[in-house]
Every structure is written in C-alpha cells, then in structure tokens.
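Novice: Residues per chain are reported as follows:
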Amino acid sequence: MSHAPSNEPLKRTPLFEACQEAGGRMIDFGGWELPVQFTGILEEHAAVRERAGLFDVSHMGEILVRGPQAEPFLQKCTCNDVAKLSDGRIHYTGLLYPTGGFVDDILIYRNSATDFFVVVNAANTPKDFAWFVEQSKGFDVEVVNASADYAQLALQGPLAEKLLQTLTPLNLADIKYYRFAKGEVCGVPAIVSRTGYTGEDGFEVYVAPAEAPAIYRRILADGKPLGVVPIGLGARDTLRLESKMALYGNDIDQDHTPLEADLGWIVRLEKGDFNGRDVLVAQKEKGLTRKLVGFEMVDRGIARHEYPVVEGGATVGVVTSGTHSPTLKKAIGLAYLPLRMCDVGTEFSVLVREKATKARVVATPFYKRAK
Amino acid sequence: MKQPEDNRYAKSHEYVHVEGGIATVGISDYAQKELGDVVFVELPQVGSQVEANEEFGNIESVKAASELFSPVTGEVVEINEELASRPELVNTDPYGDGWMLRVKLTSPEELDVLMTAEEYEEYVEKEAGK
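In order, the protein sequences belong to chains A and P.
Numbering of the first sequence is given in the numbering used here, commencing with residue 1 and proceeding in unit increments.
Numbering of the second sequence is given in the numbering used here, commencing with residue 1 and proceeding in unit increments.
Take these hints with a grain of salt, some might be off.
Claimed, not checked - Heads up, incomplete: computed chain P residues facing chain A, CB under 7 Å, no partners named:
#, residue
1, 36
2, 37
3, 39
4, 60
5, 62
6, 63
Derived from the structure by calculation, the hints contain no laboratory data.
For each residue, glycine too, the CB sits at the ideal point set by N, CA and C.
Take these sequences, add in the hints, and give me the full structure.
Specialist: If you want it as structure tokens, here you go:
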C-alpha cells in the first residue's frame, strides 16, 4: 500500500499484543504496526487454502451512513446499485470521484434502507470520511467515522464455518456469501459476515475493540487441533492476488476507473446518475485504451509493483501487483496494458532489474476454489 | 541459530567460508529470516569473475527482491545448481546446502575486513534493534 512517509507514531490495533504473543513479526503497513508473517508466508498461505487462518484486520475503517436519504446519497457516491441491496446484504463497490477514478474500493452493508455500514481501506479512512462528508451536503444524511468502535477479525478457509460455529449461537449456514447477521461471538455482540479477501470461504467478525483479544486467542486455541493458525499481511497479499482481488494503491487508484480495472461487474450505469458516470459512459462508447489484466511470467523472475512494461524501448504499461503464487508455484501478477495487448496468450516484456523479461496474459482469477 | 564460528560476514549479510583458497559464499541465517520464503535465486555463470562489494546475483522471496553482494574477489568455480529447483534450501540450511557460490580467491586479504562471527552477531543485534 502506498502512503506518504510520516513522523507520526505507528498506530496499533487492539490485537497488537495478541498478534505479538502468537509470534507475529510486526512491520509498518500504511502507518499501522501489523504482523507481516508468523511462521512464514508459504505455510500460512497453505493453511488458509487447506484449513483456515485467522487475520487481524482491525485497521480497516468503518463509516456509518444513516438518515432518510442514506440510499440516494450512497447511489450518488458509488458505482454499484445500492437499490439492489436488501437488509442483511452486502456488496463490493467503488467510491468514485467525478473523474471516474477511485476514492476507494469499499463494502456496503445494509442494515435498513436508512442505515448502512461501510467498510473502507485503513489508509484511506480519513480521506473517505472527508469525501463522504463533503458529498453529503444537500442530503438528509448523517455520516459517522466509527472506525475506533470496531475491531475486525477474519477467519478464512474451508474449516472457518465449522470452527466459528462452535463460538456463536448464530446459524452460520444461513449466512450466505456476501450476507451478514448480528449476534454473539464468544458471548459478546458482533457483526458476522460471509466475506473475505482470500478467495476461500470464510467470515469477517466485527466486535468492540476491548473484546477482540479474547476472541482472537480463543479462535487460535480452539483451532489449534484443526491446524488453524494466525496469518500475516504477507500471505494476505498472496491469497488476494491469486484470487484477483484488487488492492487499493496498487491495482486501483484515483487515476484508473472501474472499467479499466476490469471491475465492470460493479458498474451499474442503468441505475441513474452517480459520480463519474459520464466518464464511464464515454469509456464504454469509445472503448478503453488500457485495461488491468492478469499475467504469468514466461522467463524466470518476479515482476513486482511499479515495474514497467516495455516495447521497443518505450514504456507502454505498468505492473501493479506481482508475486510468487504459492498455490500455482509460479510468478503471477496484474498489469495495466494497452488494449491491443490484453488478449489471453499475448506475450509482453517487463523490465525486471533492467532486463526485459517475458510474461504472458492469462485468464483470471489465477486460483478459484472448488465449490 | 548461532553464526558458525569459522565464517566471515559482510555488512550486506553474506557469509564466506574459506577452505584451501576456495571461498563458499551464501547468505546468513539472519538474512534468510529477514527475507522470508525464498522462491528464486539468480546466480552468475561458472567461470565468471566476482568482485568484492559488487553485485553477483539476486534473490527473490515471496515478499521482495534483493541484490546479492560478493564479499570477496575471484573466479566462480562452482555454483549451487540445486537452488534452481530447491531455492528453499537457503531458508532451511543457509550455511550448509543453501550455499550459493564457490569462488577461487585472488585477494585473500579481503577477508580481514569482514566481520568475525562475534562481530556479526553484535552487528545483527544493532540492525534488529533499529
């Protein structure tokens, strides 16, 4: 995640001590002191794909949008169709500037037609909140930055439901993908959603900060016999990239639209006007000039964030994310390429340490779990 | 892991183990831990020359790419071919099967400026404390 260097002290989540105690190696991540890994990225990655893993994602921001005009307000600010949500449902969407670029990519949870819970990227929280407040002028709506009121844990992997079910009276089987319910987890009030950033089945659990450490420790203790382990940011990145989930600051930002980011499925032009719609309509009519595609390396090496894509001495594109895929055991990544190079099978060159290194456009996601 | 006593260490965290004028080069246990899971090691050709404090190759972990610097000057007489298919040896056995190069030393006096095991341990403690 990109962020300006600052002299401000690092922020800690309520799970800082619990993560350290579990063996987490802490690093600076966008101003937050978070675990990059526990036992190692490859091991943690495999644990989530095969069993389950527990993440501290308390750094994520939570913004409440409430009032008679909450729905039309969110319709104006975002590109997905908020009217399609019903109570207890969630969707992924883009918070857009009038230019069509991303302020952020967010989740919207609908409590009711006048009460929404919005989850935003940690480093973007102050920016998103200020943007919401500014955009809310003229709407009968209240916007509250409630980030300090919530800790968030993610339990992800094929065993997630089985393990979490032992800690909650909620019937988890009733919570389908991208839905949520309120109830108790380990005896304390929680929001539980079937969502995640790994490509596996799993849940995200929002609780009061003071309650989070006991839940984190309990899940790890109860999960130990099942092979459930704590997961750091390193594996979070390899897991999300294999599943082609975008990372703000890498794959999407204010200079790229959802259509360019290959997120057309969150763009609902037919819903009526919203910030950036004109630009998206024009892109649809005239066609895109560039698009985000998945690639794998043909030559040896790993093409990483910001490595240039070159053609005849000129830079024609850029890698936005790249890593070694632990599941596929090869180097994969995402890149913005000129449209003429975006077809699956097209080969192109990335400058890896000043050397033109061959890569090939492939279909995405790189990894899809068996249902 | 304690640093092997008879090795010398560079500030860039490579080690040298010398036997009969041949230096075995690899990265330290501290370095492999810092890098995390190693997935790719790019080494020079046998017969090429390496120079002290100059880059001789690259190492990629899942997390990041890093340059490898030679602590000594000389001719590469052998490379660890095994690392092409099993780069994880750098993590599991940095001072043994995870070695990278064997170099025929041309300037053995270069060894004198490298750190002893004891000095390197102190150096690493300071680095880690930063």
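Novice: For every hint, state whether the structure bears it out.
Specialist: Structure-based check of all given hints:
no., hint, in the structure
1, 36, "holds, 6 Å"
2, 37, "holds, 4 Å"
3, 39, "holds, 4 Å"
4, 60, "holds, 5 Å"
5, 62, "holds, 4 Å"
6, 63, "holds, 5 Å"
Against the hints set out earlier in the document, no violation occurs for any number.
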